[in-house]
Structure formats: structure tokens, C-alpha cells
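Peer 1: Residue numbers (numbering that gives the first Met the number 0), protein chains in the order written: chain A, 0 to 979; chain B, 0 to 252.
Simulated from the structure, these hints should not be mistaken for laboratory data. There may be inaccurate statements among the hints.
The calculated PhoX-like cross-link candidates involving lysine-lysine, where the alpha carbons are at most 20 Å apart (straight line), are [stated by the list, open to error]:
1) Lys850/A / Lys49/B
2) Lys243/B / Lys8/A
3) Lys25/A / Lys243/B
4) Lys889/A / Lys49/B
5) Lys925/A / Lys86/B
Below, each chain spelled out in residue letters.
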Amino acid sequence: MPTLDDVRKLRQTIKNASDVEYMFSKLQSAKWAPLLAEEGFFSSPYEPVPEGNGILFPAWPQSRFLARLAAEHQSREDQEAITSVALAIPKTSNVRIHLDLVETALGLDPDLASRLAPLAAEWLRSPYLLGLPRRAGALVSHLAKGGRADVALLLAEALLAVEEDPRSKELDVDESGFRDLRQPTARFDLWEYEQILNKNIPDLIDAAGEQTIGLLCDLLDRAILLSDRHGAERRPEDLSRIWRPAIEDHQQNLSLGVKDLLVVAIRNAAEQLARKDPFSVRRLVALLEGRAQDWVVFGRIALHLLRLFPNAAPELARERLLDRSLFDSLDMKHEYFLLESDCFGHLSGEDRDTILRWIDQGPRDAEAVASTWEKFTGQTATEEWKNAYVRSWKRDHLKPLEGQLDPAWKQVYANLVAEAGPAQHPEFTSYHEGGAWGPSSPLSGEELAKMSARELVDYLASWEPSADPFHGASREGLGREITALVSESPDKYAAGAREFERLPEPTYARAGIQGFDGALKSGTTFDWRPVLVFCTWAVTRQRDIPGRSDEPFAGMDPHWGWTRTAILRLLINGFVSGSNPIPPDLREFVWQAIEPVTHDPDPTPEHEQKYLHGGVQEEYRKWGTKVRSPDPLTSAINSVRGTAMEATVQYTLWLRRDLQKRAEHDDILARGLDAMPEAREVLEHHLDAAEDPSLSIRSIFGQRLPWLLGLDRGWAEENRPRILPREMPEYWHAAWDTYVCYCKPYDDVLDWLRDEYAHAVEQIGKHEHVWFTPQAPDHSLALHLATFYWRGKLPYDDHLFQAFYRAADPSLRAQVLNYFGRSLYQMKEPIPSGLADRLMDIWSNRLRAAKREPSIAGEELKEFGWWFGSGKLEDQWSINQLLEVLRLAKRVDPDFMVVERLAQVSEALPLEAIQALGMIVEADVKGWNILGWRDKAKQIIRAALKSNNAEARQKGVDLVNLVGSRGHFDFGELLKEPVE
Amino acid sequence: MYATITVSTVGRPEMSLRGEAVGGEETIDAQAPLELGGRQRVLAEALSEKDPRLAWMYLGALTALEGSGNPDAVAQACHSLRELMEKIPRWYPDIAVPAPEQLPRMNDKVRALSEKWKRMRARTQCLNNGTWGGPIDGDLATVLKVADDFFAWLETDRPLRRLRTVEMFRTLDPMQLPLPTRIAELRVDEWSSCRDYLVKVAHHDITATHQEVNAWVYFLEGFLLDLIRPRTFEKHEGIDTIVKEGEQNADPR
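Same shape as in the complex, but just chain A (with noise of 0.2 Å):
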């Protein structure tokens, strides 16, 4: 048996935390607990620490112990012990205890379990649950079924309790009827909540049934109060009819929200009794319809439930079917409806009478409904709208009785159905109904097949839309059949390509050209002079239709930018294509296809004022919230002109290819841009910011800088200061952001752009633009330098590179360390011996700075895990500058490569191995990464352990000691291992 003496032997021999966990998780008997708290170990649980914007709780090993011991220890003695210490326990926020001690109550007699529920009640309060609600949920279990189903109605209470909505009082201060509905929620997630009412209430049921119901009442009725500003003016009415349409389980019903989840726990738990005790019946419709001057929904439930079982109370369902104020409720529509569908039958022929007599005599609020609806639509209800009405009321009422009638009302209700036709969801008072759609065609693709393409044409110009394009054929529905059929048979479609003149529709136009285009992609061939001079056709239409809605889902195109952008796509794709390139002596064809749609509005100034000006973010100011648009290539790329800019650039670019094919194509490619004037002069026409406004163009220009260098040296270098005007910066962004973060970067456009290099280094941190670019510029920027370097392109001592330095912030400096860390990382051959001289000589300048700035130095130097990771550069070199950033720095990434690495050399470099894990380790201050990674720490102590230095040796066993300290007591058995 331990003593006290012993006690006090282990509180002198503790000394620190991780003590605590070793000895309690090697403590087996119960006799300890008491002992233990009385020498003050249960005294100071472990409170929750702020770590970042969270918090953390810390596992306090006596509450584990508890929990163990009560699984493990069944005697009375060792239980009220248990039981005892536990209840001493101080009151503490800590989730994780609150946890263990509810996972001892489970362990324990539900007598003595009982004496712990309260204090799990009040810990449910708490704002941080972890997983407490579902072990609580399992308590209540234990307790109910343990004969203390007392103390498990008050857990069930605290942990089923309906809160208000979060957003409560926000939505309180706009005082208008909008505002007035509310959620209200559980105290935790609500598919946990669900769990908890299908798994653990069931047996709380079973303990003490009608009183479950009650609590379940109790917590629906709060739930449906809560759910209105003006709640309790509401009784009776709940709205339950549309939030839960049907009380049995129905697709009709949401299923959202903490109410629905309550109707379904009472429904289920009444049946649950009544399946049990069918005498049960009586009273527990009586509870609910007590309940229902409350709120409707309990008198919904209590007829559910006279439907389900109707032997046991046939004459309560009598009564309810001859209940008048039922019949003609809209609340209680769905029920009543479902008990007069299976029970019309069981009455008498007089009761029978009765209901038919109603159903005979017409509805009672006929004028009411015909008032409401003079109401809303402003237009008379007359005489055949009431009639009509008055028919269909009928025949829904008639449609529950339909297999119980006899011939003369089934003749009745078969002329109610032929003159209002058949009864659309009766026993609903609204139905929801949904479904996909898509636009259709009038003819399917293998009909339109069979057409020649002027039938096809004929066919089309005939062919009038339906008037509802969401759910009739459409104009776009034909059109998608056309691209598919022209993709698949091109030739035939090329042929006949200006039949398609005769057709002023730009859905069609716009469809065949993507059928080319389809048929370019996937490689079949067709002639390109018919297609082309269609081209030239359609590019010239008027753009805009008069009359034509903008409407985008009309079914139809609203203008002809669609098919003019189509146009270009089709032209860009049929300049690089492989298997039907579009011939050069068809240029004058192709210039004629886009030239025109270089004139195009789109982007229009008003466009761009929304997206690249700030007319977005000021609309969204007034909400509070901050948006940035798409950049201006986003932009240009999905606009007409911009489309037709980069078709410009594409065609000088497949004309220079085909110059250079030809024989004397030195001299014509010297000319560069001279050889086609045609696209000089639109270049330059849209260079001026006077005649194209657009941000969105000049970042086509931004985009093509590399090309438009390599196209003609003399001309890029003339326009330059054009293409990235100084005076007008938003210009000179809207090209070099483009640039830059969607170019390569290319050794003899440094050469060209240095100077535009030098004032992006002065724009670092500067970029500030209503647009969001993917790729951030400086970051670009930062890419662009170091791949530079890498080459040998530009050296550290460059005033480029030191000038980035000087502007960059240490976040900035860090990705020229981790893009040279990365690019070695995925170097698959050795690396050449001048590049890792170039690399080595960066670092160990970048170390030298870094020792100047020590306070920023970590954030730069911590990418250096990836360069030693990588393996690429020499192992003892590497290790020394390791240690050197884990000094500095105190930290390195990704951690689990470098350790991985060091598991690889800690048999040749055993002492520097375990220094760097050492210090890896120590920075580890919470011992959570080393979760990952604790099988190569372990290989990289064990080759200290074993090597044959006494230093290294030393250090291993430190490390042991160090991270068992943190009460990672698996790394003992190293020290026990043998020393070979």
C-alpha cells in the first residue's frame, strides 16, 4: 500500500513538468489518488494558454490518471476515492480536464457518476467544447441507463440548450420586418447535436419517457421563440409548415437548424413510447396538444402520431377528423390530410357525411383568398377566377378520399380533374420544386446532320426561339449543335461557309467558327480560304443589333463580339497549329479578320473605370468589405480588342516564322516590324494612350515584351519608353506587372530592360492597384533577379542586385534563398562547380548581412533548409552554414527535410548532426514537429550514441534527456540500446 511517505519522496524528487507525466502515467493503484491530493498534486490544474490568435489546453496528466484509474479500478472503495479527488478538483477552463473528467464518470458507478453530471453541466457553458458534447452525450447514456435517468434529464438539459443567434443583437439594430427572423443554435455543432438526440436521448427515453418528451417540448418551444424578434407575440404560430413541411421524414423538409432537429427528437421519441406502451398514445397526444396553444407544431405532431398508430386511439382520431377548425387549417393542412388519407375509411357513413358535406359546401375563405390576390396581382378576381378556385379547393380536398369514395362523389371529383386538371401536391400548402436546365435544340444534332449546309442555313432562318429560353429550345441550343456538327465535319461545313451570309444571326456565326476551331484542336483538317473569308464577312457586321437585349441568358448572342472574339481564337490557334496552320499567302485574308476587331469598343472606358479605376471598390466601400478586380491581361485577354491586340502580336510573330523559312529571310527579317506596316501601325496606334485609353491593351504589350524585342530590336527599343511610359505609372504597371509576373525571365531582355529593372527596384512595396495580380510583382521580381544570378547573368556586386537588397524587406530577401534552395532541391543531375561557387558565394554574403541585422536576419536565412536538403552542395560546407542559421536564426524550413538530411550524414558527421537536431529540437519549444519526424531524429541520436565521438556521444544523450523532458519518453529506449 503507498503511503504519504512515499508521496513526499516523489514530490522531492520532481522536478520538473514532465516528472508529472512520467510518474502518473506509471501510477497502477487506486490508493494513490487520495494520498496524491492530499500532498497537493490535484490542486493546480493547467489553465489554457494564449498561443497566436488561439488557445491552447494543455493535457494535465492527474486528470488522466483519474480517468484511468475509474476504467480500471471497479471497487466501491477505490471508486469513491476516485470519485472524491476528482470533485476537489479547482475549477479550471481547461477543456481537455473538463474531458477527462467526464471520461471518468463514465468510468465510474452512475451513483458516483452522478455526483460529477452537475459539474459537466456547467463545463457545457463553456465556450470551447472540443469533444465534450458527444462524452457528455455518452453520460447521459451511462447515467439513465445506470437508474439515475434524475441526474441525466439535468445533463440532457445543459447539453441540448438552445442559445440565440449569434448575430442577434447586429440584426436588432435594423428595426424593420426584414430583420426579424433568427437562428437559433445549439451551444456546438449541429451535426453533433443530431448525434447526440439519435444516440443517447433514445435512452433517456427508455428511463423516464413522457418527462424526455417534456424537456425535448421545452427546448423546441425556446428554439421556435427564439427564432422571431417579436417571438412571443407569435403564439401560436410557428410557421412550422414552412420550415418543416411534413413531420415524418420528407424531401419537402429542409432539414435546417436546431428546431428541425427537435421536431424530429419528439416525433421519434413519441413513437419510440408508443411502440413500447400503444396506452401511451392518449397521453402523449395530450401532452402535445397541451403544448399547442404554444405553438402549432405540437398539435402537428400529436395527429402524426394518431396516424401512425390509429388502433390505439381510434376515437381521438375521429374527433380530430370531424374538427372543423382542422379541416380548414393551413397549419395543420399536411397532417390532417395524411390522418383523413388513412383513416376516412374507419368512420362511420354519417362521419363520412360530415366531411363530405364540407368539402360539398366549398371553401369558407373563398373571398378572403380572392381579396388577398385582387391584392397582390392589382387585377379583379371575377367570377370564373372564384369558380375556378372553388373547383380546384374541391378536388384537392376530395384528392386524400380518392380510393374511399363512393361512384357518385368519384364521378364529382373526375369532373373536378378534368375541368382543373389533376391536383398538383394537395397535402402541401406550397411545393418546392427544382431541377437543372440548359438550353435545348429544336432538331437533334443527328437530324441537323442529314442537311446540307444551305438546308442547314434555310432550316435556321426559318427557325423562331421559343418564348422561355430557360426551359424551350433556343437559338444558343442550336448553336451548340451546330459547333458540335461543324467540329466533326469541318470540310463540309468550309465548303458551304458563306451560305452562312445569307444568316445576320451571330449565335450561328459565332457556333460554327468554334466548331473550327474544335476541329483545329483535335487535328482535323479543312480549307482555310472559305472559313477565312466568312471571317472577313462576319468581322464587318454591324456590332450591335438594334433591339437586342444584353441580356447574357436570352438564348441567344447580344451582339457580335462573341463571334468576333471567337474569330481571333480560331485565327491565334490556327497560326501555331500543327496539323492545319493557316497558309501564309492567305495573309491579306487573315489581316482582314482582325484588323477591323482592333477598332472594337470592348474594354470599354466604362469598364475600366469599374474594374482597373476603383468603381468596384468604391460600390463595395459602402459595405464595408474590400475587393480587388482582376489584373488588366485578366481583363484584356477577355475582351474583344484585347483579344484582337494579342491576335496582332500572333500574326507577326506567324508571318516572321513563315520569312524565315524563306531563302533570302536574313534580309527581310532584318526589317522586323517593316515587313508587315499593317501591324506596325495598329501597334503603334494603340501605343497612344490618347487614341486607346486601356490599361487592358498595354498589358498585352507587357506580356509580349520578350517577343516584340526578338520581332524588331530597333522598334522595341524606339517605343520602349511607350510601351512603359515613366510619366503615366499606372501604364507603365499595368505593361511591367504584366511582364513581369507572366514572362520568363530572358538574359537579352535584362540587356534591353535594366534601366525598367532599376525603377521596379525603387517600386518594391509600392505597388498599390485596385487589381490583384497572381503572381505578386515584387515576388516576380525577386524570381526574375535570382534566375539571373543563377545564370551567371548578374553578379551579387551588381548595382541591380544590391539595390533590391537594399528595398527589399526580409520576406522579399527570402525568396532569392528559397528559389535558389527549391532549384537545387529538384536538380536531378550534379551540380557544375560554377554555379555551386556562385550559390556559396551568395550565402556566405547573405550570412554577412544577415549577422548585421540579427534581429531580421531569421526570416531570410530559415530558407536555407531547402539548399541543405537538397544534398547538392558540399556535405561538410553545408552542415557548418546549418549550424550557422541555427544560431542566428533559430529556426530553418521545411524542418523535415533538413532533418531528413541529417539522418542522412549523421554517420559521417555524427557531432554536427546532433548539434543541428539539438537545436532544431530546442527552438521546438511546444514538441510538436518533431511529430513528424521523430523516426529520423531517433536514426540521427543513435549514430551519435554510437559514434566514436565523446562529444557527439554527450550530446546524443542530452538530446534524449532533453526531449523526454518534454514528455517524449519513447526516446529512452535509445539509451538503453547496445553500443557496438
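Given the coordinates of chain A, assemble chain B onto it according to the supplied hints.
Peer 2: Leaving out everything else, chain B in the frame of chain A:
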């Protein structure tokens, strides 16, 4: 083994410790060569990794104790060790309770009270020919208030120091978690006893022998090593033994 102490202005103190010399380094030959035991080396290394100055205080104390011919060696050694104990929290910014240098010092407090007392004596009407009497005037009331504040501070200062020490232990703990209260109190008592002893010797309030001081040095080394370089698994063996003894007569499950 004798070693040369290399004092670096940038890196770690190099004394039988590995490491590269760094620019700006100055080499000093210690007057008395110093031989370190194993755990002393471990502690010196551990302190040095936090801040070389901590290691200097520790090594300075050891050097003083080892030196011969210095009649005040014991007091000087205790002064360095007291400084070490006081300064450790400075290198742990997570310690939330104010470090001693941020707390008002007793001497400053007493001196301020004394100045006010003297000024009041010169001006108050309550003191006539060395006799106090009459109603309390403004000058006396002011000093009474200052005295009241002083005694209130005295009441709270010492608990604050204990709290600070507990917090320091938590921060130095490898898991950064607190010990059970009574164990923590025990550790604070041990720490305070050591500190009080060192202060008394350093201030020449008591006379101490080398042997006595060495015993406290040994205690302090062990105390610090338990926190910053724990011998975890050796300790586990001790715990296992006690638990085993206690379990032997425990009721079977």
C-alpha cells in the same frame, strides 16, 4: 585540464567549448586556469547558448572560488551567482511578471522616504523642541501617506517576487508547464534560500567558508540543470523505484 577563456563580443565564451572564432574577438588569458567538472561544463554551455553573459557570471564565480590570494573571493563569487540568479529571467521574454530591475529597489524606496521625512521635520508644526504634538498638519500628513504606501509596497513586494520565481520556473520548464503548487512552493523555497544565502555572503553580512559556498554552488548547478538540461531518464529511474515500492503492497486490481 586547464583551459584558456576566450571572451567573444559576438559569439559564445570559448572555454573547452567548441565554436568558431568570430570577428571582433578579444582573447584574454585567465589569471587562474580553471578546471571544470562534467556538469559544470554542461551548465556553462547551456547558459552560454542562452546568452554568453550568463555563462560569464557563472564562470566568474567559479574562477573566483578557484583563485588563491584573493581575500574577498567568496563574497565576490556569491555576488556573481546572485547576479546570475537575478538575470536569468531577462533572457526569457515570456516571463510575464516584472523582472527585478523593473521593480523599485528597497534602498531607493527607503531613501525617498528618508528625504521626505527630513523635509517634513524641518517644516512641520507638530515638532517643537524635539517633542511631537498637536493636530496633524499638511507636512506630516504628506509623509504619513508616503509611509503608508511604503509599507503597503513592502507587503506586496515579496509575494510578487515569489510569483515571479514560479513563473520563471514555468518558463524554464522544458514543457513550459507549471508544477503542482506544493512542489512549486518547495522549489521557490529552495531557490529563495540559496539566493538569500548568497546575498548575505556577498554583502558580508555573514562569513562563509569555501566549503559552504561550494555546497550552495553545487545545489544551484543541480537546480538549473534540472530545468535547462534535465537528466530525464535518470530521474525516471528514481521515480520508478519509489512507485514500485509504493505499489508493492497496493491492493490487486
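Peer 1: Which earlier hints can't be squared with this structure?
Peer 2: Number 5 only.
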